[in-house]
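Undergrad: Sequence:
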Amino acid sequence: MSEQDATGEQDDEAKQPTPSSEIPYRFSDTVGAGVVALDYEHLEPGDGSGVIANVAGRVMRSRPQGKVAFAELRDWTGSIQLFALGQTTSDFDRFVRLSLGDWIGVTGEIVRTKRGEMSILVHSWVPLADARRGFGDKWRGVSDVEIRHRQREVDLWANEGVRELFLKRSRVVSSLRRTLDERHFVEVETPVLQPLAGGANARPFVTHYNALHADFYLRIAPELYLKRLVVGGFERVYEIGKDFRNEGLSPRHNPEFTMLEAYQAYADYSDMADLIETLVANAAQELHGTTVITHSERELDLTPPWRRVTMVEIVEEVTGISFNLRDDVDELRKRASELGVEVGDAESAGKIVYEVYERLVEPNIWGPLHVMDYPIEVSPLTRVHRDDPTLVERVTPVITGREIAEAYSELVDPDEQRRRFVAQAAQRAAGDDEAMIVDEDFLRALEHGMPPSGGIGIGVDRLTMILTDTNNIREVLLFPALRPLSQQTDEVGEAEFLDENPLG
RNA sequence: GCGCUCCUAGCUCAAUUGGCAGAGCAACGGACUCUUAAUCCGCAGGUUCUGGGUUCAAGUCCCAGGGGGCGCACCA
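Residue 145 is where the first sequence starts when you use the working numbering, and the numbers rise one by one after that.
There could be a bad hint or two in this list.
Unchecked claim - Each computed DSS-like pair below joins lysine-lysine, with the alpha-carbon atoms no more than 27 Å apart:
(1) K386 x K312
(2) K258 x K211
(3) K211 x K312
(4) K312 x K282
(5) K495 x K478
(6) K282 x K258
What the hints assert, rightly or not - The following label-pair restraints were derived from C-beta to C-beta distances:
(7) P628 x G593: 43 to 51 Å
(8) E443 x P168: 47 to 55 Å
(9) Q160 x L356: 28 to 36 Å
(10) E475 x E502: 14 to 22 Å
(11) L300 x E166: 24 to 32 Å
(12) E290 x G385: 27 to 35 Å
Derived from the structure by calculation, the hints contain no laboratory data. Ideal Cβ positions, reconstructed from N, Cα and C, are used throughout, including at glycine.
From just these sequences and the hints, can you work out the full model?
TA: And the structure:
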């Protein structure tokens, strides 16, 4: 029996399913289980409130005890105990036969039992759905990671804290929107299906557009479209959505991931670094009520302002060795080699320093720290530094050893943009299938004039990981990418389809 | 993609050197008018991921395949 059946149907002897005719179409005027428990906290053990309430949810525990019965009813606000009496509760015989996971709606008085448990003294109840499949171990839930991720709906109910985590994620995203909205950014939606996948260096997913007789690509970034909107007069614009990059999976990478990109006219990368700090700090405040949080059992102080250093400075600070981009390239390669970082003969000064930074420095930055001013060679889409032509104005906030975002002074000169596209296209012709393609639509847009602008990109999944003290990206994705199980679809799916469709 | 590793009852896990495949919970039948992982009595539950092979004997060893996890590579 495969893993797919792990929460399979229960014994043949299990009770008969509830007939559809007995299940109502609606159950109204409900109050939250967790809310009731809090609102009537003042009741003394043994007291009734005299208040009748409707509560709906899932039976998470059933403890029949002769002529009385207890159950735990859980909805998304929390849990409350159900207290049923053989003499006064309707359908008592069926109530005591409820299974873990069944959905029911109850009507009854809010009381506190003699033993002190907040409860609904059930007068009547209706079945809302049967749970025909098991919900895992009563005490330990389901720990099989494969079931948890393939059947997240089971995980959400069976495992304490999982729903809470995804509610937190939702609050993070809301907070990001609120912060941007308050600053008069306009939220937009740009194409996911694109004729050219631009705006980042990555291999795209390919799909086919039947009506247009053309292959299209799932976007790897919304960047170029958003900049065109700035050209069009959207001076502050943002998008939260999925990007798709055809890459491997790991505890920190999912091929489809949620990205926030925002662009602000008349701003530079320093302004955007401020914006990132505000976005992150506000989200932390929303979740934790403070900007000083804990991650991996270590304190993380996200209170703005964050320290800012240049990449060259932080490399020297951490390694104790100076890497000036104007130093002799062979000398730089030797210094890198002494640190255990080997780089190819063809690499430039900038790439060598970046390599040292990525391997030895970044993973050891607890942060938050803004690493500023990257070598121009490793940032082909960023505007050159105002004081140093070997650098670009790019800043990367690093938290817990990971980049969680990027900010730029955007490249807005159409001629320079064309030169860089052409250089990218040459690399692509030379075999680099992650290099960019010349995007004439985008160049034409720049020729209409784009004001100096700052841009940011924040990995929402990774930000959520940091704010929820999670170390695996799959824990913050409702349905992380998993290999499909080949057998199930055709055989089972088709058989059921035929069975239930007399016209088929 | 490559390397390492795991897959046993619905769930969580055992099974000595290769020697009759087990427990708790869930389910099922019963008792119980204040239970909190209720308790008590009873009962049932298996293609040990799949397919080959070695062996008197395979959950265990070997080969191939499927799926998961971790690491590497690519990246945010």
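Undergrad: Please go over all the hints and tell whether each is borne out by the structure.
TA: Structure-based check of each hint:
no. : hint                    : result
1   : K386 x K312             : 19 Å, holds
2   : K258 x K211             : 16 Å, holds
3   : K211 x K312             : 41 Å, violated
4   : K312 x K282             : 25 Å, holds
5   : K495 x K478             : 14 Å, holds
6   : K282 x K258             : 25 Å, holds
7   : P628 x G593: 43 to 51 Å : 48 Å, holds
8   : E443 x P168: 47 to 55 Å : 51 Å, holds
9   : Q160 x L356: 28 to 36 Å : 53 Å, violated
10  : E475 x E502: 14 to 22 Å : 20 Å, holds
11  : L300 x E166: 24 to 32 Å : 26 Å, holds
12  : E290 x G385: 27 to 35 Å : 28 Å, holds
In this structure, the earlier hints numbered 3 and 9 are contradicted, and the remaining ones agree with it.
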